[in-house]
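Enquirer: Residue numbers (numbering that gives the first Met the number 0), protein chains in the order written: chain A, 0 to 178; chain B, 0 to 178.
Honestly, the hints are just simulated from the structure, not real lab data.
It is possible that some hints are incorrect.
Claimed, not checked - Here are the computed lysine-lysine pairs in the DSS-like style, where the Cα-Cα straight-line distance is at most 25 Å:
hint, chain 1, residue 1, chain 2, residue 2
1, B, 87, A, 87
2, B, 89, A, 89
3, B, 89, A, 87
The primary structure of each chain is shown beneath.
2 protein chains.
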Amino acid sequence: MTDPFTTLDGTFEQVWQRLARGVADRRAPARHPVLATVGADGAEARVVVLRAADRAAGTLTIHTDSASAKVTELRGNPGATLLVWDEKAKLQIRLRATVEIVEGDADSFARLPDAARANYGGTPPSGTAISDPGAHDPAPDARRFAVLLAHVREIETLHLGTPHRRARFRDGVAQWLAP
Amino acid sequence: MTDPFTTLDGTFEQVWQRLARGVADRRAPARHPVLATVGADGAEARVVVLRAADRAAGTLTIHTDSASAKVTELRGNPGATLLVWDEKAKLQIRLRATVEIVEGDADSFARLPDAARANYGGTPPSGTAISDPGAHDPAPDARRFAVLLAHVREIETLHLGTPHRRARFRDGVAQWLAP
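Chain A with its partners taken away, still in its complex shape:
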């Protein structure tokens, strides 16, 4: 089999295949990208769960609690990066995106399993100081369910093969970059 990372087309194909696998398979590396955002004191980052990847639309979907800090940060600056590190493939995928915050999607919330709903809502909101780990009521709240729709502006890959290969995909143009 030809190494797909020797061509720009092959690399691009790998990116979207791996994102699709992340959505479908809990154990795939792209299941848990890191979402980096701009906060008041610099950059913030946390692991998120990839819920959907739409290649045709160029969008990635994440669910979150609308009271979480990342929503506040994205309101201030929607420019974010989603990062996937696939150790086995020796592939880093950086997805630069503008993130749209979609609230009030009651239908999506209704379709969530019970256990998932508990991630949205809760008193006090995530990140509030509490006296002990039990001092928190996790009651789900549909009004706190938000969808982050990341519109991918640019993809940059780094494949740590021999040689290292870096590539950029933007506005339909694929380009090798110095590694």
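Got chain A; can you put chain B on it based on the hints?
Expert: Structure of chain B alone, referenced to chain A:
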């Protein structure tokens, strides 16, 4: 053995133990944190290699090419996050830091193995458009070796046990947070 994540002290201890393991062991999760920085179009993120972790000083060390985009970004805004996701321990560690850029450390460069030196220098610099992956001369250059010294301002942990436990460590004060 008592679960160390049930106490704030135990959690803090785990953080620095795991960072030390990242420095010593190539296969430890903390070996490859994600470094998030603020760029011109929002947040940027990439995987880096943890070179040192000094608990007493509260600093983490990363090596980089001074011509890399992250150095430019950190000059613009030194507020960054280093993120470690330890899947086995179900532990997320967010290290909010102010990053100092130390250049011209010729002694550190001289101590690097040959293979490592090739990461600093190279023409054209990393991220420059090139015609094909081979159009790059990786000649090492001591003047392009930079040390990123991350002064940790705040540590936030999230342990996905039962229950989920979030904690914050700042200015010597440890605090549980709503998960």
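Enquirer: Now tell me if each hint is right for this structure.
Expert: Here is how each hint holds up against the structure:
Between residue 87(B) and residue 87(A), the direct Cα distance comes to roughly 17 Å. Compliance with the 25 Å bound is thereby established for this hinted pair. Pair hint residue 89(B) plus residue 89(A) holds up; C-alpha atoms about 23 Å apart against a cutoff of 25 Å. A distance of roughly 20 Å separates the Cα atoms of residue 89(B) and residue 87(A); the hinted pair therefore holds under the 25 Å criterion.
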